[in-house]
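> Residues per chain are reported as follows:
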Amino acid sequence: MIAVVRSLVPGRASGEALVLEAPLSLWGGVDVSSGRIVDRTHPQLGAELRDKIVALPRGRGSSSSSSILAELLRTARGPAGLVLAEADSILVVGALVARYLYETNCPVVVGDFPGRSGEIWEIWDDRLMRNGGESDRGGR
Amino acid sequence: MRLTDEDKALLRGEKGPALRLAAELVVAVGEAEGAASLVDIVSAHVDGCLYHGPSGLDFVLELVAGGGQVAVPTTLNVGAIDLLHPDLYRGDRASAESARRLMDAYTDLNCTPTWTCAPYQLPERPGMGDQIAWGESNAIVFANSVLGARTNRYGDFLDICCALIGRAPLSGLHTDEGRGARLVFELAVPDRILDSDLLYPTLGHLLGERCGSEVPVIIGLDRRADEDRLKALGAAAASSGSVAMFHAVGVTPEAGTLADALGGERPSQRIVVGQEMLSEARRSLSTGNGPVGAVSVGTPHISPAGLADLAAMVTGKHTTIPFFVNTSRATLAVAEETGDAGAVRDFGATIVTDTCTYITPIIGEVQGAVMTDSAKWAFYAPVNLGVDVVFAALSDCVATAVTGKTVEEGW
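Protein sequence lines correspond, in order, to chains G and V.
The C-terminal position of the first sequence is numbered 140 in our numbering, with every residue numbered one higher than the one before it.
The C-terminal position of the second sequence is numbered 551 in our numbering, with every residue numbered one higher than the one before it.
For the record, the hints were derived by calculation from the structure and aren't laboratory data.
Ideal Cβ placement from N, Cα and C applies to all residues, glycine included.
A portion of the hints provided could be inaccurate.
Said to hold, decoys possible - Pulled from the structure, derived: some chain G residues nowhere near chain V, Cβ distances all over 12 Å:
#	residue
1	2
2	4
3	12
4	13
5	36
6	44
7	51
8	71
9	88
10	94
11	108
12	116
13	119
14	120
15	124
16	127
Unchecked claim - Derived, one-sided and incomplete: chain G residues facing chain V with beta-carbon distance under 7 Å:
#	residue
17	5
18	8
19	63
20	66
21	70
22	87
23	89
24	90
25	93
26	96
27	97
28	99
29	101
30	104
31	105
Claimed, not checked - Looking from chain V toward chain G, a few residues come up when the C-beta cut is under 7 Å (computed):
#	residue
32	168
33	169
34	172
35	199
36	295
37	296
Based on the sequences and whatever the hints tell you, model everything.
Next comes the structure, spelled out in structure tokens:
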């Protein structure tokens, strides 16, 4: 089963899912030199974004987060892809700028999260799959 | 999204690679936000000139190489270096060099080197109903709320792209529907508190914490809420929250009545703001209560009127601790003429232009906390600079600097 989602930045990527339990501002919330969450109020303090499919419940805070996402992707410490509960133009801009400048690949989609942290998810343009395509949520 | 023939020509690269890249980003954001089309803008204010790392510099150099020139009058926000007083910078040489190259590259795109976070204090500023694309959270909230101009929150990369093509996605605060208030804040405090400068940033801080990115309306302010006080309120609300617009009934231009501010909708919440709630918000802005080792005022950049007030306050006095005043080069030029700049320097203060003391290493080692009259400075400096902050009125900042003992007004 495959969920059809809304693609904001097209591309194909798979990786271990990191489902964030609280909103996160990349600016001030993620250290660009380690790619880890450093926001002391965040329940997943210390978690690493590198090569994960990161699911964000909601964007938060600074518009400088575009720069932080681009910096993370430039230095290969960024996520493999992003699944957003709500469209967030700040993150779209960061992913597109990094793709243009450094040919990085970080697809961004909006949709329901198909499962939990630790599973393998795959984004392919407007499709989101869990565990090699066995998403039990099905299409929307 | 509906695109015009001109938009499509930009996307095909007919106006060069810089404008194609700019159009691609603006259209992608428009699609993400569900905008119906793009809209022409009359001005832009760009925040991307503050150095965060190589990607920001690589991006703007790409735009310069691609022949980019801004299509509308475009002002620039602060950089990391005070170009008029470069010796104030205490950081490492390599960062300073990158920061300066970034600032230069933006002027190569024909942006105006204003280097201020308060572009609304410049002689040319947008007016009621003007569509604009502005970056810098305090400038955004001032433009929407006090000037009645229309802008969403434009961040790094996107601000300059809108400036290059002279267009922005038609969504959110660019539309009538996006500007209605959803939360009502009813001020219930003794009348004398409306005379206190400290009320305004404190109220803003409280608004930001409770509104997130929603539009609030305030009932209970009057003409005493002048531009400098509304600026302090908005800057605070855009720091503790993502507030991009507020209304104040009888004060701001789209809030003649409460019904006007609500835009025909019912509010989702009504909150009564009493003295207790304000006192708590005010206390939460101070992280230290020990001795004060330095003072920083002028965040956002102090206005000509604010600098005149400060000059009158400090004439004949002398500070015993480092005292920093952040302002724009335009305001400094005015203050040199009036003598206000001289009075502030005679007091022993350092005037900083083109940048701000909370985002770049200027203050250096401090023996004790830093006192500020800015809720925005108080919100960011503890994390950015690793200092303790005491939030107090401007008059208390001066009294503390003169006596060397912490002075705080009570209400």
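> Hint by hint, note whether the structure agrees.
Verification of the supplied hints:
The beta carbon of residue 2 of chain G sits about 22 Å from the closest Cβ of chain V, which is more than 12 Å, so the claim that it is off the interface holds. Chain V leaves residue 4 of chain G outside its interface by the beta-carbon criterion, the shortest separation being 17 Å against a cut-off of 12 Å. The claim that residue 12 of chain G is not at the interface with chain V holds, since no C-beta of that chain comes within 12 Å of its own (minimum 18 Å). Separation of residue 13 of chain G from chain V is adequate, the least Cβ-Cβ distance of about 18 Å exceeding the 12 Å criterion.
At the 12 Å boundary, the C-beta of residue 36 of chain G stays outside the reach of chain V, the nearest C-beta of that chain being 16 Å off. Every CB of chain V lies more than 12 Å from the CB of residue 44 of chain G, the least distance being 19 Å, so the non-interface label holds. For residue 51 of chain G, the non-interface assignment is confirmed: its Cβ lies about 19 Å from the closest Cβ of chain V, beyond the 12 Å cut-off. Consistency note on residue 71 of chain G: stated as away from chain V, yet its beta-carbon is not over 12 Å from all of that chain's, at 4 Å minimum.
Remark: the non-interface label on residue 88 of chain G conflicts with the geometry, its nearest Cβ contact in chain V lying 8 Å away (cut-off 12 Å). Against chain V, the non-interface label of residue 94 of chain G is violated: not every CB pair exceeds 12 Å, the least being about 8 Å. The beta carbon of residue 108 of chain G is not kept farther than 12 Å from every beta carbon of chain V, the shortest such distance being approximately 8 Å. With a least CB separation of 26 Å from chain V, residue 116 of chain G remains clear of the 12 Å interface cut-off, as annotated.
Distance to chain V confirms residue 119 of chain G as a non-interface residue, since its nearest Cβ pair spans about 26 Å, more than 12 Å. Non-interface call for residue 120 of chain G relative to chain V: holds, since the shortest CB-CB distance, roughly 26 Å, exceeds 12 Å. Distance to chain V confirms residue 124 of chain G as a non-interface residue, since its nearest Cβ pair spans about 19 Å, more than 12 Å. Distance check for residue 127 of chain G against chain V: the nearest CB is about 18 Å away, which clears 12 Å, and the non-interface claim stands.
Here the hint on residue 5 of chain G is broken, as its CB sits about 13 Å from the closest CB of chain V, past 7 Å. This hint holds: residue 8 of chain G has a C-beta 5 Å from the nearest C-beta of chain V, less than the 7 Å allowed. Because the smallest distance between the Cβ of residue 63 of chain G and any Cβ of chain V comes to about 3 Å, under 7 Å, the interface hint for this residue holds. A distance limit of 7 Å between C-beta atoms decides the matter here; for residue 66 of chain G the minimum to chain V is near 5 Å, and the interface restraint holds.
Hint status for residue 70 of chain G: holds, given a least beta-carbon distance of 4 Å to chain V, under 7 Å. Hint on residue 87 of chain G holds. Least Cβ distance to chain V is approximately 5 Å, under the 7 Å limit. Using the Cβ-Cβ criterion of 7 Å, the hint placing residue 89 of chain G at the interface with chain V is satisfied: the shortest such distance is roughly 4 Å. The criterion of a C-beta within 7 Å of any C-beta in chain V is met by residue 90 of chain G, whose closest approach is roughly 6 Å, and the hint holds.
Here the hint on residue 93 of chain G is kept, as its CB sits about 5 Å from the closest CB of chain V, short of 7 Å. Evaluation of the residue 96 of chain G hint against chain V yields a held restraint, the C-beta minimum of about 6 Å falling below 7 Å. For residue 97 of chain G, the interface hint holds, the least distance from its beta-carbon to any beta-carbon of chain V being 5 Å, beneath 7 Å. Of the supplied interface hints, the one on residue 99 of chain G is violated, with its beta-carbon coming no nearer than about 10 Å to a beta-carbon of chain V, more than 7 Å.
The closest approach between the C-beta of residue 101 of chain G and any C-beta of chain V is roughly 5 Å, which is under the 7 Å cut-off, so the hint is satisfied. With 7 Å as the threshold, the beta carbon of residue 104 of chain G stays out of range of chain V, its nearest partner Cβ sitting at about 10 Å, so the hint is violated. Because the closest C-beta pair between residue 105 of chain G and chain V is about 16 Å apart, greater than 7 Å, the hint is violated. A least Cβ separation of about 6 Å between residue 168 of chain V and chain G falls short of the 7 Å threshold, and the interface hint therefore holds.
Because the smallest distance between the Cβ of residue 169 of chain V and any Cβ of chain G comes to about 4 Å, under 7 Å, the interface hint for this residue holds. A distance limit of 7 Å between C-beta atoms decides the matter here; for residue 172 of chain V the minimum to chain G is near 5 Å, and the interface restraint holds. Taking 7 Å as the C-beta contact cut-off toward chain G, the hint placing residue 199 of chain V at the interface holds, the least distance being around 6 Å. Annotation: residue 295 of chain V was flagged as interfacial toward chain G, and the flag holds, the nearest CB pair being 3 Å apart, inside 7 Å.
Restraint check, residue 296 of chain V versus chain G: the minimum CB separation of about 5 Å is within 7 Å; hint holds.
Hints 8, 9, 10, 11, 17, 28, 30, 31, counting from the list given before, are not met by this structure.
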